[in-house]
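Chemist: Here are the chains, one letter per residue:
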Amino acid sequence: MIKLESAHIEEVRGIRKLDITFGKDTFSVSGPNGSGKSGVIDAIEFALTGKMSRLTGAGTKGLSVAEHGPHVDKTKFPDAAFVSLTVHFQELGKTATITRKVSAPKKPTINPNEPDIRAAFDEIAEHPEITLSRRDILRFILIEPTKRSEEIQAILKLDEIGQTRAALNTAANRLQSAQKLAATQIDTSRDTLQRHLQIAEFRAPDLLSAVNARRKALGLPEIATLAADTKLDAGLSGGDKLPEFNKASQLRDLDALSGALEKIGPAGAEPATVILAAIARLEADSSLLDTFQRRALIEKGLELLDGAECPLCDRSWDDEDHLRKHLETKLSKSGEAAKLQAEMLGAGSTLAQYSARLSGLIAPVAKIAAGHNDAARLLLDRWAQDLETFRGGLSDLQGLVGIKSRLERGWHGLPGQLAAMLVAIKAAVDAKPDQTAHVDAHTFLTTAQLRLDDYRDAMRKGNAAQKAARFGKAAYDAYCDVMETELNALYDSVEKDFSTYYKAVNEDDEVKFTAKLRPSEGKLDFNVNFYERGLFPPGAYHSEGHQDGMGVCLYLALMKRLFGDRFTLALLDDVVMSVDSGHRYQFCKLLKSYFPNTQFIITTHDRLWAEQMRSAGLVTTKTSLAFHSWTVDTGPLVESNEEIWDEIAAALSRGKVETAAHGLRHHLEYASRHLADQLAARPAFRSDGNYELGELLPSVLVRMRELCGKAADAAQSWGNTAAKEEALSRKTALSESNGARSVEQWVVNKAVHYNEWANFGKKDFEPVIAAFKSLLECFRCDDCGSWLYASPKPIPESLRCACNKVTLNLKSKPK
Amino acid sequence: MSTLQKTIADKFLAKLAEDEDFDSKKIKQITDLLAADKKPKADDFAKVFASDAGDIE
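Heads up: the protein sequence lines correspond to chains A and B, in order. Residue 287 in my numbering sits at position 287 of the first sequence, with consecutive numbering throughout. In my numbering, each residue's number is its place in the second sequence (first place is 1) plus 1000.
DSBU-like, lysine-lysine: derived pairs with alpha carbons at most 30 Å apart:
| # | chain 1 | residue 1 | chain 2 | residue 2 |
| --- | --- | --- | --- | --- |
| 1 | B | K1006 | A | K3 |
| 2 | A | K231 | A | K247 |
| 3 | B | K1006 | A | K24 |
| 4 | B | K1047 | A | K325 |
| 5 | B | K1011 | A | K467 |
| 6 | A | K710 | A | K724 |
| 7 | B | K1038 | A | K106 |
| 8 | A | K496 | B | K1006 |
Worth flagging that the hints you see were computed from the coordinates, not collected in a lab.
Work out the full structure: start from the sequences and follow the hints.
Modeler: Listed below in structure tokens is the structure:
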């Protein structure tokens, strides 16, 4: 699998233009709500898969990547919206770039465009589950067992496994049906042969006895054994061949058909009644009929499904999986119709067998009729054809519903005048002179051989059908056995890993935590131990924070099972927001120790959590990005962005004071928070860590003055005049700054508070910007531009910059 | 193919190989079918099972 090296995002979602260097490392993107963090996840997901989960799935009707993927100002220019990712493939040892435009999500540009790289990108495109959002967590935890089963099966691609199982099942059923039909044909051809031979039991000695009696009459040697290639008429030379007419045999064939016609009413009546009753139910209940018709249509759609285009309505879906799931969900909602369908198809199969047997009786009589009555022959041929067509309609629902009137008239479709015609033909055959014993024996043997050939042919086909059905069943059984074993092992290992991860995050209070994940009849029950009081659903007693943790842990366990060692990338979009700060450190430890080879791209709106990721060593300053705000014109505004003053000035030049004020305030928020940390400022402590700008910046000013004063005193004590002047110069600049004066006024006069900036006029706001710009310069090195910092903490000994040009000693000479 | 799918496919093929009725040619056909399409069709399986079995109507 892959790791991300860098991303270039343009005009996608809320982002105008953004470059990020991930460097194949775990990376955090933080910022307040609505600052564009999730846009980064959307963009990466889009580049890799061509989709954006946020715009698909439940609750997203009417949303689409094509319409809502581009920045809101570029919806009419989707060509301008694109993402370019540089990706490293560990297994290939190669790096490649993929660029995907919103206007052509299915046609990414890949460079280098090599087959193995294309295949690797294709594989990733099939795994949207690399992205986890909080909405996804609810899919695992707070959901009914049947839905959980579906969701987890989808994530693990079990739907594909299920489809292979279903295809094997359908193949096995079809081959079994073919075998049944072949068996019916064997029975029919055997009956025809048996009737001709006039033997009660179909056994070789009885057959040979009947045949040898005729062979003896013709002076031919008896046949001792019946082998696969035995010719019953062996010894009859070509010149001796006589017409196939065998009076006695023809009379028996005619009697057989006439006898069948006499009983044709009751025969097949039961299955026909079942089908008619089912049709009546459908007609009585219009909703059931609708469901039934939709079901037939959906089944056809599923059969024809091949790609993301719906074969029923031509609508284009994001992918085939979503479309298949949509159709399958519709099917699953029609349980009553499904039961009725099974009844109808069963009855249809029985009726098909009756029909095949009748066809077997018609065939020899049609041949007899050819010599006597052309009209009768035509009628019999048509009837045989009609029965064959009738059988064709018995294997599917539409066909069954369509034969209602046929079933009401009589399923067999017996031609009215046939009985009389058969009487006439029989009379004609009967009227023929009795055949001599020689001719009778001769035609008996030739007819027997023809019918034995038919029987052997039916047997060959029957054996082949039986073999194929055996293959189908054996393969289906084998697949089910393997699937069941593997799924049980999967759920066992997921359960074990999940418990291990969850305990790692909650080792302080849930060290004896256990969980049970058990599949049963399409459900996936998930219960967790609550402080050794028993197993309960996750939402029963555990807090929201614990549930969030469970969701992520279950996700990680599933990913580990799905990808094994190839789990190298996951995009976690604001997923641990309800986990408290203590457990977040443990979460960092979990990711670092159990997934050392996985690159996590983690977004959060919680500044404290972003800082914890850094202090826990999960990310570094280089591998974290913070947005301080967002505007529709600029997209996300990056903290410590060198161009922030240009962006503020640009907004002001366009007369957008509110945007400029927003940008200034957020930059001050970022800078004061950063400086408070760098300089070890001492604002009034807040347990929630949510310091306001009005609390932080004044304490930063106080702290800087204090440090500069200390530096001047220390320099004085060491006799370092230059350092003393530098320290005093910084302190003076700070005191003279208009910005500093404004900050001091915030504390005493709320009326001049920064909250009012958005209401300023352009002219009034320009000096405010200039004042704060010059104020912040007091905290930077003139050379390298880095923020000054006090070191070490908590009792600093020096005030420094990154390039060491500023190095002010804070320790005075001991007296 | 994901790890799980591949594991199931491999074990399925190994199980078929233990069945004397399934010769190497048929197993190769099923292997190819599973490799070519993540969602093989019932008709394709039916064709493989019916091949070399003789005539089936």
